[in-house]
Each structure stands twice: as structure tokens, then as C-alpha cells.
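Working from the sequences, and respecting the hints, build out all of it.
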Amino acid sequence: MIAEIIATGDEIRTGALVDSNSAYIADRLEALGIDVLRHDTIGDNIDLLSALFQEVGGRADIAVVTGGLGPTIDDLTTEAAARAADVQLALDEVALQDILRFFEKRHRTMTDSNRKQAMLPVASQRIDNPVGTAPGFSMRIGGCVFFCLPGVPPEMKRMLSESVLPKCRKLLGRTREASCIQTISTFGLPESTTGERLEGFGDRFPDIKLGLRAKFPEIQIRLYGRHVDEETLSNHMREAADWVREKIGHRVFSSEGEPMAAVIGRLLGDRQATLAVAESCTGGLISHWLTNVAGSSGYFLLGAVTYANTSKMSVLGVSTETLDRYGAVHEHTVREMADGVRRRSGATYGIATSGIAGPDGGTPDKPVGTVCIGISTPEGSEGSRFFFPFGKRQMNKQMFAMSALDLLRRKLMAADT
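1276 is the number of the first residue of the sequence shown in the working numbering; add one for each residue after it.
It cannot be assumed that every hint is accurate.
Result set (SDA-like, lysine to any residue): computed pairs, CA atoms no more than 25 Å apart in a straight line [claimed, not checked]:
#1 1484 with 1315
#2 1686 with 1571
#3 1667 with 1462
#4 1490 with 1314
Hint data in this document are derived by calculation from the structure and do not stem from the laboratory. As the structure is a computational prediction, the values presented were derived from the model and not from experiment.
Structure representation (C-alpha cells):
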């Protein structure tokens, strides 16, 4: 079954807003075993919209359209769909009552413009919006079933999950093949090197597609499998994932698409261990990532942003002699930082970062992109130095933070061997 996705609106077309909806929808449709062959972005022009709808109606089985269902004059999706199908608009009384209740609950008066949102194409099926005012609708144009949804992401996601995807499953019916998508997350290899290591995958696993996706600072390897027999597919996917992990080695940090911080949390939890973090150049980014994971209070004890040298001394106990002799960005300094935060928090492990994120502040010996990372464990502490030639401050901070967590991950895993 073939699907296309259409994102509407001048704000999307001109780049004023980034279209995250289409990627989200494509991922969900592909997981069902529906091939998404094309994405279109189109502005607020009813002639172009209706022509595109007719074009897609002649070549796709399913189309998901986002945007253009609001109450203003530039919201044209409903009218364009009706024109493409050569039908009229009619007032949907249930939709109108839903909109009225939406405003009544908020002690507001519905405007006449909102009444427009209850006008749906004749013979379409309403898709209720439990979040906002704009109902969606489904209808057939040519040989294609169109699902028209609001462009507001929380509204779109809820309606997609509760209404559209169940209908797509029914459309697949008995012809549905078993499908599976697996994300293997890696860190530390460039995309080109990762691709080179995976050469020959297609010959070895002809029924599984492999794709690389740069999601800075990690590289994701996506496996897309489909087969008439679910057990056969499961075996093939397992063999393919094992082959990928063998080729990429310790650079794989998750076989389930987990963020690095979630992997760290699981490793610490399995060992009943705790963590404290001292950050200078990363400015709290590591702590931010760690606390994005639900349940992190069970293992994350302390995060300290010790940006100034005085803070490194007063909060972490870094010696004046170390800072005077080596400076803030040095292996000895981050060792003392990691030891200090571990000692003061009582954590099992401590990690620390100090570096030069840029765009200035570098020297010939310590250019922009230099970072030192310290790890303190019950067995001792160590400091390491790395250089990442990205230049941009935000990218450097992300690389520094990810590198610190990856060093800890490998330390935790090595302790088991």
C-alpha cells in the first residue's frame, strides 16, 4: 500500500516553521507496513491545492494532509478537498457542537469564523479533535483515501494515533505483511565510515532495507523489514541487527533507539549505582539530558556547573596548584573535578567536563573544540583529552557532553567483563 504526505501552509512553504509533522507521520505509517513514497509541501493556494489532491488521488492509496483546517481565510484544505472531489461543503452539526463546547469550557464566545471549521465536504467522515477546535475528516478522492488533519502537532498526533492509524490498519486488511523497524544508535564514527563498515548488507539481507540517519551527535542505523511471515521476519531482523552490531562494535550504544542518557540510567540502575556530574564547558547539558529520563532521581544525585575556577575550587575542591600549573582545561583538573563531585555527593561514579567550546578562547596547545573529561570510580580516577573540529559552540557542547556519557557507558560495561 502506497501513501503520500502533504504539508500545507505558507509558513511551512517559506521555512518560517519547520515541518516536523511529516516525519512523524511517515515513521508511523512505515511501522504499519505502508510505503511512504512522497512528501509534498504546498502553500495556501486553493488552485494548487486542489490540483495536487487530484494528482495524488490518481496514484496513491492513502494520503495524510496536515494544516489548513483553521478558521481564517488562508485555511483552504477543506475547500480544496471538496473542489478536488467535485462535492459541496455542508455543516456538520456534531462538529459544530464540539466547537461550541470547546469555547464554553473556556468561558469564551465562539466567533463566526470558527463556524467555518464545522463545514466539511459532503460524504466525508469527520475525525474528532479531542484537543482543539478543528475537526479533521477523511474522504476518497479518485482511488485514494485522504485523511486531513490540523497542523498543530499535539492535535495532529492525537488524531493520527486514535483515528487515522486504526483506519489504515483496516485498509491494509488481509493483505497486510508483517513489518518491523529497528533503530540502532551509534556514537563516535562519522556517517561515511559507518556506511563503509556496512557495505554488503543488501546482498546479505535482501528483504531488509538499511538506512543511515545523522541525528547529531549520534548516527542512527535504521532497519526496515517486511515479510508475509512474522516469525521469519523476526529471525531475519535479529540476524541483521547482530551483523550490524558486529560491524560497528562498541560504537553501538543502543539497539532500540534509546537516547544515551537512558542507556546510562539503565546501566546504573542494573548495578544499583549512582552518578554525580561536574560541568564547566557543557554548562549543565549532561545534567539536562540525564534528568530528561523518567526515574533519573533513582541514580542521579548531583549536578554542579562550576564554570569559574573559583567554583571549581570552592565547590569541588580542585587545588589551586593544579589550576595554576595546568589550567582549567587539563586531564589533571577534570580528574580532581570528578573526584570532588563524587566525594561530595556520595555517588558511585563522578564525571566532569572542562573544555573550549568556542568560538574564541582557543590557543595553539588547546584550540577551540578541545575538551577534557574526567571519570571517578571507586577504583580510582582518570582524565582524557579529545578534540572535535566542529567550530560551532552548540555542536561542540553536544559532542563534549555525549563523549562524557559514552566514556562512562564504556567504563560501566568494561566493569562487567
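Taking the hints in turn, this is what the structure says about them:
{"no.": "1", "hint": "1484 with 1315", "verdict": "holds, 23 Å"}
{"no.": "2", "hint": "1686 with 1571", "verdict": "holds, 19 Å"}
{"no.": "3", "hint": "1667 with 1462", "verdict": "holds, 19 Å"}
{"no.": "4", "hint": "1490 with 1314", "verdict": "holds, 20 Å"}
Hint compliance for this structure: every hint is met.
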